[in-house]
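2 protein chains.
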Amino acid sequence: MCGIIGYCGPRPAAEVLLDGLKRLEYRGYDSAGICVDGEDGGLHTYKRTGKIADLRAIVPDDAAGGWGIGHTRWATHGEVNDINAHPHSDDTGKVTLVHNGIIENYIPLKERLIADGHRFVSDTDSEVIAHLIADLYQGDLEKAVREAIFLLKGTYGIAVVHADEPGKVVGARNGSPLVVGVGEGEMFLASDVTPMLAYTKQVIYLNDGEMVSITRDGHVTSDSSERRITKEVHEIGWELEQIEKHGFPFFMEKEIHEQPASVERAISGRINLDGATGHLGGLNMSARDLLGVDNVGIVAAGTSYYAGMVGAYLLESVARIKSSAELSSEVRYKNPIVTPGSLYFAVSQSGETIDTLYALRELQRKGGKVLGVCNVVGSTIARESDGGVYIHSGPEIAVASTKAFTSQISVFYIFTLLMARMRHMSWEAGIDFAKALKHIPSQIETILGQTEPIRRLAKKYARYQNFLFLGRGINYPVAMEGALKLKEISYIHAEGYSAAEIKHGPIALINEQTPSLFLVSDDSLREKVITSMKEVKARRGRVIAVAVEGDEEVADIADDYLYIPHTEELMYPFLMVVPLQLFAYYCALELGRNVDQPRNLAKSVTVE
Amino acid sequence: MCGIIGYCGPRPAAEVLLDGLKRLEYRGYDSAGICVDGEDGGLHTYKRTGKIADLRAIVPDDAAGGWGIGHTRWATHGEVNDINAHPHSDDTGKVTLVHNGIIENYIPLKERLIADGHRFVSDTDSEVIAHLIADLYQGDLEKAVREAIFLLKGTYGIAVVHADEPGKVVGARNGSPLVVGVGEGEMFLASDVTPMLAYTKQVIYLNDGEMVSITRDGHVTSDSSERRITKEVHEIGWELEQIEKHGFPFFMEKEIHEQPASVERAISGRINLDGATGHLGGLNMSARDLLGVDNVGIVAAGTSYYAGMVGAYLLESVARIKSSAELSSEVRYKNPIVTPGSLYFAVSQSGETIDTLYALRELQRKGGKVLGVCNVVGSTIARESDGGVYIHSGPEIAVASTKAFTSQISVFYIFTLLMARMRHMSWEAGIDFAKALKHIPSQIETILGQTEPIRRLAKKYARYQNFLFLGRGINYPVAMEGALKLKEISYIHAEGYSAAEIKHGPIALINEQTPSLFLVSDDSLREKVITSMKEVKARRGRVIAVAVEGDEEVADIADDYLYIPHTEELMYPFLMVVPLQLFAYYCALELGRNVDQPRNLAKSVTVE
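Quick mapping for you: the protein sequence lines, in order, are chains A and B. First residue of the first sequence? That's 1 in the UniProt record's numbering, and the numbers climb one at a time after it. First residue of the second sequence? That's 1 in the UniProt record's numbering, and the numbers climb one at a time after it.
Each hint should be verified, as a subset may be incorrect.
All copies of an identical chain are treated as equivalent in the list; a pair is satisfied when it fits inside any one copy or across any two copies.
To be verified - With a straight-line Cα cutoff of 25 Å, these simulated DSS-like cross-link-like pairs (lysine-lysine) come out:
{"hint": "1", "residue 1": "K369", "residue 2": "K201"}
{"hint": "2", "residue 1": "K366", "residue 2": "K143"}
{"hint": "3", "residue 1": "K153", "residue 2": "K537"}
{"hint": "4", "residue 1": "K231", "residue 2": "K168"}
Since the hints were made in silico from the structure, they are not lab data. Source: prediction; values computed, not measured.
Build out the structure end to end from the sequences listed, making use of the hints.
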């Protein structure tokens with residue numbers, strides 16, 4: 001979602017900001033802009049809809065400056081156009097800012113400001129903040145920002161500059177992430193670490209209610225009580241080269257292909273083969289605590305939610321603990337019931353998904369213990385949770401999540417092994433479970449070595465406009481995830497269902513124009529899935545099957561099929577999802593979509 | 001789903017069977033057939049794909065007979081064609097039968113029969129049963145049927161005739177419903193009561209494992225141990241006129257318009273205003289039992305599942321009991337965890353939905369107490385549950401369920417009131433809840449009095465091929481149900497989502513060609529839904545809103561809107577769903593669909 005960058009230092013600021021915005025492109029945006037100081041000592045804003053390359057074209061070569069702010073916008077209030085793009089300024093043009101988040105009370109604020117003589121040019125909620133700061137400014141930008149945010153209701157991460165205070169960028173956060181980058185003789189402020197990775201690995205994570213003021217020489221942080229605070233400086237674990245494409249045309253393809261390694265990292269050191277159990281370091285729970293858990297709730301959104309559904313299925317069927325996955329956006333507002341034996345997981349790749357963060361806080365307020373399952377180290381959810389597990393996927397740049405999904409479920413497999421072994425699972429069964437899991441990376445490797453049939457399948461089907469994706473049991477959420485991938489990057493309307501459920505309604509959609517993709521593992525539900533396939537075939541529906549190597553019956557019934565290697569019944573989500581990721585990817589390529597930055601979508605969803 | 005009828009009596013059998021099949025049309029089918037005895041004393045079969053009118057055209061006028069069987073087929077194994085239509089016979093043509101259900105071991109049986117010299121003509125699993133009975137026949141049809149079903153694995157309701165035993169129809173059931181109609185000097189056998197309602201109201205419900213043999217003079221029933229048993233004769237509560245259209249072009253429109261009365265019936269006598277609580281007669285649970293419930297699980301499929309989601313939301317938020325709705329097809333196979341404090345509901349309009357019946361049995365095996373929420377009196381789920389509530393909707397004939405949904409949720413509102421009052425709800429709050437509920441029928445009446453704007457909306461939007469239906473909180477399942485209705489009868493691909501969830505993926509589908517329909521009630525989530533509407537508008541998506549009378553802000557943002565009356569926050573599902581039912585109905589009319597019998601669909605889903 002919206003990306004923010006601010007810079008103070010000796011380099012040409014316009015270049016640093018534009019390069020930074022390029023790194024932030026992955027978050028999804030529809031317009032962008034920067035504000036830098038010019039030769040004349042004044043502030044100059046350049047902004048427009050479209051890509052960073054379009055923005056770069058309108059920034060004059062001599063627009064260097066030594067400080068400034070930049071922004072990629074994912075529209076919430078007001079349509080996508082040049083005027084609504086950030087930065088925004090007040091009437092005088094002295095206060096300029098970029099904003100990520102949603103100001104809920106912007107209408108009454110705007111009305112009051114207009115009554116006071118302010119003139120607005122955009123439809124955004126963000127512009128209100130610039131006018132408000134200008135209204136309150138009396139020679140001290142930090143003070144004006146502090147007074148302004150006191151009047152705001154909603155969420156924000158902001159970076160503000162003032163023409164009368166050159167060389168300074170002020171940031172404040174509530175609900176939207178901000179990270180300070182500490183360089184040598186230069187300082188950065190950004191919505192995540194990617195745009196500063198080329199310059200520094202020393203970062204400070206701001207918390208809600210905190211403010212920062214940076215100059216090229218240093219930074220001052222303060223909390224909501226205006227107290228100056230000293231924040232810990234963290235070292236980023238990612239390398240710059242991890243956010244490069246390395247010869248792949250798109251990050252998504254690169255990240256799909258990283259999965260043998262990323263799953264390996266997610267399980268590495270977490271399986272105790274001698275004890276036939278799992279080991280997770282950061283849970284902050286004793287064995288007694290874990291034994292006392294009688295209910296697990298997993299809150300998440302989008303792909304992480306489907307990973308959570310796999311996790312809930314596993315925990316319930318293997319560890320025999322009542323478990324459910326719920327949409328974080330709905331959990332937050334439903335006044336959830338938290339019992340003493342409940343344990344929660346908040347799953348978010350970025351660790352900044354605001355729906356999930358808010359659900360986490362609501363559950364904690366009710367006394368719930370919430371563990372985070374995040375990828376980004378130091379992210380808000382990782383910091384605010386009561387314990388947690390990093391999935392160690394490395395940076396996921398493509399908007400459509402792939403390797404994070406397989407790593408998230410990896411964590412749930414390990415946690416299930418741990419919990420099941422503390423309960424009903426025998427040592428032998430634990431060994432079998434662990435061995436099957438350890439074998440997964442090489443099996444994903446096998447699938448990735450045979451992409452040509454998937455590419456051919458995509459070529460054949462990419463122009464169909466509607467799909468049903470159907471699975472059962474533990475593969476039902478995988479069908480949902482596969483459909484989501486196709487929606488996200490190819491814009492084909494694919495819907496996931498339990499295969500058993502189609503006869504209760506969705507089968508009405510079936511005809512020659514609406515293919516169905518079935519996930520058929522070789523478990524106890526195979527026969528039932530085959531019956532559903534036959535019902536679809538009987539109504540002239542085209543059937544694509546993802547089936548287990550050697551399943552000739554399914555191959556005979558289906559119009560087209562892909563084989564995956566055999567594994568244990570509950571391990572299939574790993575092997576089923578990879579062909580679906582590739583199918584979506586190749587369909588999108590076939591249709592000429594911008595795979596890494598699909599329309600309308602944002603990577604890290606930091607607004608409600 | 002497949003319908004069965006059998007007749008023995010003085011009337012012209014062909015007429016009785018064809019009229020009966022006409023009554024069974026509502027269950028959904030793609031071919032039909034009958035078998036009657038002719039002047040020559042032999043059995044004659046007439047069958048073909050298409051409607052009953054097409055079948056009637058090929059039955060000779062003199063094909064009267066005094067006994068016979070008939071069938072409407074909803075294809076499972078083998079495509080839709082004349083040969084696969086029922087009835088099916090053995091090689092000699094002496095044994096003829098109709099079958100509802102799925103025979104899972106038909107392939108090995110067929111192979112053995114072929115090896116023994118039998119020749120098969122169809123691709124169906126059903127034909128195997130005819131050959132098997134012929135193979136075992138030694139002058140006693142009942143004996144042969146009994147021996148045959150002993151070899152079958154799967155589900156069946158069958159009606160069988162033998163040329164050498166004129167005037168007799170033998171029926172057997174396992175998993176697929178069969179009802180015996182007791183007339184005066186005539187007897188009926190059918191998959192439900194509708195085809196016999198014109199002749200008799202005296203019926204006997206067969207249980208799994210039971211067999212019946214009817215002649216014009218009477219019937220003999222026996223159980224799986226070959227013991228003759230005497231079954232209770234029940235009186236059907238429905239009137240013939242309830243299954244007529246009464247001037248409406250389609251049953252669906254009639255049933256939508258019946259909702260003020262059907263909701264009234266569902267709550268009538270079940271609200272104790274003095275005590276400000278609910279009263280449900282058939283629960284078979286003491287107040288102490290009800291007080292001990294700490295977990296509610298609702299199992300259902302299709303529309304009933306969405307009704308269950310509303311119920312779970314209510315019970316959790318109002319009665320503060322942990323509750324969840326789950327797909328019955330998935331519950332059955334996931335080895336559910338049943339705790340002593342758990343209470344389950346099995347929700348099914350027909351009471352015959354096999355996925356839900358099987359889930360009920362599995363939960364009972366694990367010691368779970370399961371209450372039925374059914375419409376059809378005497379249905380299998382109603383009989384096998386540990387207690388339950390009839391929704392009293394009257395017969396629902398249209399395949400797409402409407403009045404059953406509002407009546408099912410009515411039951412959950414009453415049950416929630418009852419459970420909440422036993423826990424945290426005050427007398428005053430109970431009165432408010434009860435009064436708001438009692439007001440609902442007249443508010444539905446108000447909506448039904450203003451259908452013209454909905455018709456205009458449908459005219460404008462019927463040709464769009466993809467929709468998103470979006471709601472939050474208790475209206476989220478209503479959005480799912482509205483999307484399902486549109487899918488079912490107009491074949492438009494509409495998908496339901498939580499409005500908050502679109503930014504986690506589905507918003508990629510949004511452009512001018514994919515409208516979004518938002519449910520906006522005037523509760524605490526209204527602002528959040530408006531934000532989602534703006535996000536869609538910012539991406540040039542068309543927005544339709546169903547909003548509360550007088551909400552001008554929503555009317556301004558949306559391209560089109562419908563107003564509904566104001567009610568209490570949690571009562572909106574009743575008022576939100578009715579415009580969605582009508583929207584789907586008018587869209588289907590606009591597209592010239594067969595509203596009551598949409599393609600591929602079946603009413604009472606009696607196969608897995």
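Alpha-carbon proximity context of K231 and K168, limit 25 Å
within (19 Å within a copy, 90 Å between copies)
Alpha-carbon proximity between K153 and K537, which holds within one copy, between copies, both or neither at 25 Å
between (55 Å within a copy, 23 Å between copies)
Homo-oligomer pair classification [K143, K366; C-alpha up to 25 Å]
Result: close neither inside a copy nor across copies, 35 Å intra and 65 Å inter.
Intra/inter-copy verdict for K369 and K201 if alpha-carbon distance must be at most 25 Å
Cα proximity of K369 and K201: none, with 32 Å in one copy and 59 Å across.
Figure legend: structure checked against the earlier numbered hints; hints not met, in rising order: 1, 2.
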